[in-house]
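Protein chains: 2
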Amino acid sequence: MLQVRASSAFLPSTSSPSPPSSSQAPAPAPFRLSGKSQRRGGLIAVPQASRVARRSVMAAAGAAAAAPAAAKLEDADALIDSVETFIFDCDGVIWKGDKLIDGVPETLDLLRSKGKRLVFVTNNSTKSRKQYGRKFETLGLSVDEEEIFASSFAAAAYLQSIDFPKDKKVYVIGEEGILKELELAGFQYLGGPTDGDKKIELKPGLYMEHDEDVGAVVVGFDRYFNYYKVQYGTLCIRENPGCLFIATNRDAVTHLTDAQEWAGGGAMVGALLGSTKQEPLVVGKPSTFMMDYLAKKFGITTSQICMVGDRLDTDILFGQNGGCKTLLVLSGVTSLQTLQSPDNSIQPDFYTNQISDFLTLKAATV
Amino acid sequence: MLQVRASSAFLPSTSSPSPPSSSQAPAPAPFRLSGKSQRRGGLIAVPQASRVARRSVMAAAGAAAAAPAAAKLEDADALIDSVETFIFDCDGVIWKGDKLIDGVPETLDLLRSKGKRLVFVTNNSTKSRKQYGRKFETLGLSVDEEEIFASSFAAAAYLQSIDFPKDKKVYVIGEEGILKELELAGFQYLGGPTDGDKKIELKPGLYMEHDEDVGAVVVGFDRYFNYYKVQYGTLCIRENPGCLFIATNRDAVTHLTDAQEWAGGGAMVGALLGSTKQEPLVVGKPSTFMMDYLAKKFGITTSQICMVGDRLDTDILFGQNGGCKTLLVLSGVTSLQTLQSPDNSIQPDFYTNQISDFLTLKAATV
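Protein chains in written order, with full-length UniProt numbering: chain R, 1 to 366; chain Z, 1 to 366.
Don't take each hint at face value.
If chains are identical, the list can't say which one is meant, so a pair holds when it fits in one copy or spans any two.
Using 16 Å as the maximum straight-line C-alpha spacing, the simulated EDC-like pairs for lysine to aspartate or glutamate come out as follows [said to hold, decoys possible]: (1) 135 / 98; (2) 116 / 209; (3) 130 / 176; (4) 180 / 145; (5) 203 / 261; (6) 135 / 211; (7) 203 / 98; (8) 203 / 258; (9) 325 / 75; (10) 168 / 98; (11) 130 / 145; (12) 198 / 102; (13) 130 / 147.
If you're looking for bench data, these hints aren't it; they were derived computationally from the structure. Since this is a predicted model, take the numbers as computed values, not measurements.
Here chain R stands alone, though its shape is the one from the complex (with noise of 0.2 Å):
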């Protein structure tokens, strides 16, 4: 009864190797269950899955067990030669809250006259791929919905991938952004801010009814998070049959405002996974489904792609859990001292200060 019941061989996946557990039915090779390695991990000291993940990596491409230090981007050039598709991490790459980071709008730029496919993925799931079409208008940059792929839309993605019922429904742990997805997908939901004001009174043989066509929780960011929704969410994945659990993201820290690090998707997951005992499919990063997703979209093999953010244990990771080439930019949480510390295992392939060095760095001279 506890048991993963994915409903298809599409999993959302890592190349975390942690085994999976006792109470969880293995998952179709080569996808796995996600989500450890940000468990495990610390915002600082380095997950230890992580660190396997890496070396399983190094290992693929013939390279010594221990990760080489990365290197510091000198040839933009050859970068941008070598790969078809770039992804962007949105926050610390191409923003900082609500201010552009210098130079994006020409680098955004010079890489599309180059040819290349932008791409801009982000484990936020409050806002849906529209929403954030208007923040990148905002900004002032010409960014297409459909190069837009958030935590939000990989969730309502995912449902899709695995043909999700329609008469099914989908119990709602987060904001709107899951919501308006869903609905753009087709699927009936339920949950959502609606529940933001519910609360438990105690009455003597109290029982909460739930809808037993709900087939899916989907947990994100919820800043209206509450004690309803957990046993809501908790009595779905429990007692309907094959009802998945399914997590935008499992981040330790949001960037709710720009003034202080905000307890992040990962407390919401967290919750339901000490009420259900079950480990949620993660759709975010570092899960590769939104990598694997957009490759069968575009066709293209992620080889041809890199990936570049601002984190170590999520945008780093996802790229090379994809296989993907890998750029570090320092403009956004992490520092050099980071990348460099005996502590860190994470390597990208290359590391700079921010994609504007793309213009300096021989990337100007088209």
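Got chain R; can you put chain Z on it based on the hints?
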């Protein structure tokens, strides 16, 4: 910064063999961080770690690696004579919800008349020992407050055991029982029900202040759980040097009402784990902190204790982790079928229908 920083060797423990993760400092032997076995396990599927823990108990006893099937209790006298203290779980053993289980008062009287020490242990942290005392009284049972060990008390007792400084504060995610026990133990606290109605309303630049004197965050079952509490607790654990993360328990389900199973303290603990990426120190079952505490307090060795419970993965594991004899009663959540299922590898020493079987299985011949 995100390391486990226990300030004393008196760490809550289980015999879980899981090594600490890379982000945790090793705990001083023989104590280990606890909760792993519970977290990995399911309610029905047997936790892998538990299985190993059981094996280690058996190995220590010189038995074969496979746990022998539990024996039906035939000779209550022999069991009673072989131990000095009985630890009873409450729900499913003494009562069910608000109803006393048949024959309990007579059974407790019998044991007292034989000079046995009786202790009542519960993972429920919503009540203090005093409040539990009133519950026993209401049910017509004469039990001393000192005989009651709820996880709310365990949290306060743990802080006392490590000489938690009186000028530091405790942030509480949980209900009134924890506050009352902290108050009785003379600790300063904040949070609890007071924060139940607080919301995070998004404004640009929003910043949550937190008290830098908080040296421990205690997390228990909390039906008024919300994002404010998650963020406050996370800030304390992540940003206050040495701040402890203490869980009263990690139970997947609790019995808020008898009408159904409700998401338990494991949900609140899981949320904080998801946002801090730090493992909690667990003071409730199956961690043996309470057992070690009372063995020390009463000067008894745990081999002279019999743990009586209705749950395999908390009560029986708790007893086995502590080196006690174990008796499963079938008057609660575990059926004979579950006990004897090939999937179950947590085998108590004995099982019986209910504790009043002590009255009929020879034991009545005092």
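Within, between, both or neither, where residue 116 and residue 209 count as close if Cα-Cα is 16 Å or less:
neither (52 Å within a copy, 45 Å between copies)
Could you figure out if residue 203 and residue 98 sit no more than 16 Å apart (CA to CA) within one copy, between two copies, both or neither?
between (46 Å within a copy, 13 Å between copies)
What label fits residue 130 with residue 176 when the C-alpha limit is 16 Å: within, between, both, or neither?
within (12 Å within a copy, 45 Å between copies)
What label fits residue 180 with residue 145 when the C-alpha limit is 16 Å: within, between, both, or neither?
Intra 14 Å, inter 54 Å, cutoff 16 Å: intra-copy only.
Between the shortest in-copy and the shortest cross-copy C-alpha distance, which are at most 16 Å for residue 168 and residue 98: within, between, both, or neither?
neither (38 Å within a copy, 38 Å between copies)
Reference check for the pair residue 130 and residue 147, CA-CA at most 16 Å: within, between, both, or neither?
within (11 Å within a copy, 61 Å between copies)
Evaluate residue 135 and residue 98 at a C-alpha cut-off of 16 Å and name the case that applies: within, between, both or neither.
within (9 Å within a copy, 55 Å between copies)
Which holds for residue 135 with residue 211 at a C-alpha limit of 16 Å: within a copy, between copies, both or neither?
neither (35 Å within a copy, 35 Å between copies)
Are the CA atoms of residue 203 and residue 258 at most 16 Å apart within a copy, between copies, both, or neither?
Cα proximity of residue 203 and residue 258: across copies only (10 Å, versus 42 Å in one copy).
Between the shortest in-copy and the shortest cross-copy C-alpha distance, which are at most 16 Å for residue 325 and residue 75: within, between, both, or neither?
within (14 Å within a copy, 69 Å between copies)
How would you classify residue 203 and residue 261 at a CA-CA limit of 16 Å: within, between, both, or neither?
Intra 38 Å, inter 14 Å, cutoff 16 Å: inter-copy only.
Same-copy or cross-copy closeness of residue 198 to residue 102 [CA-CA at most 16 Å]
For residue 198 and residue 102, the Cα distance exceeds 16 Å both inside one copy (44 Å) and across copies (38 Å).
The structure does not agree with the numbered hints 2, 6, 10 and 12 stated previously, though it agrees with the rest.
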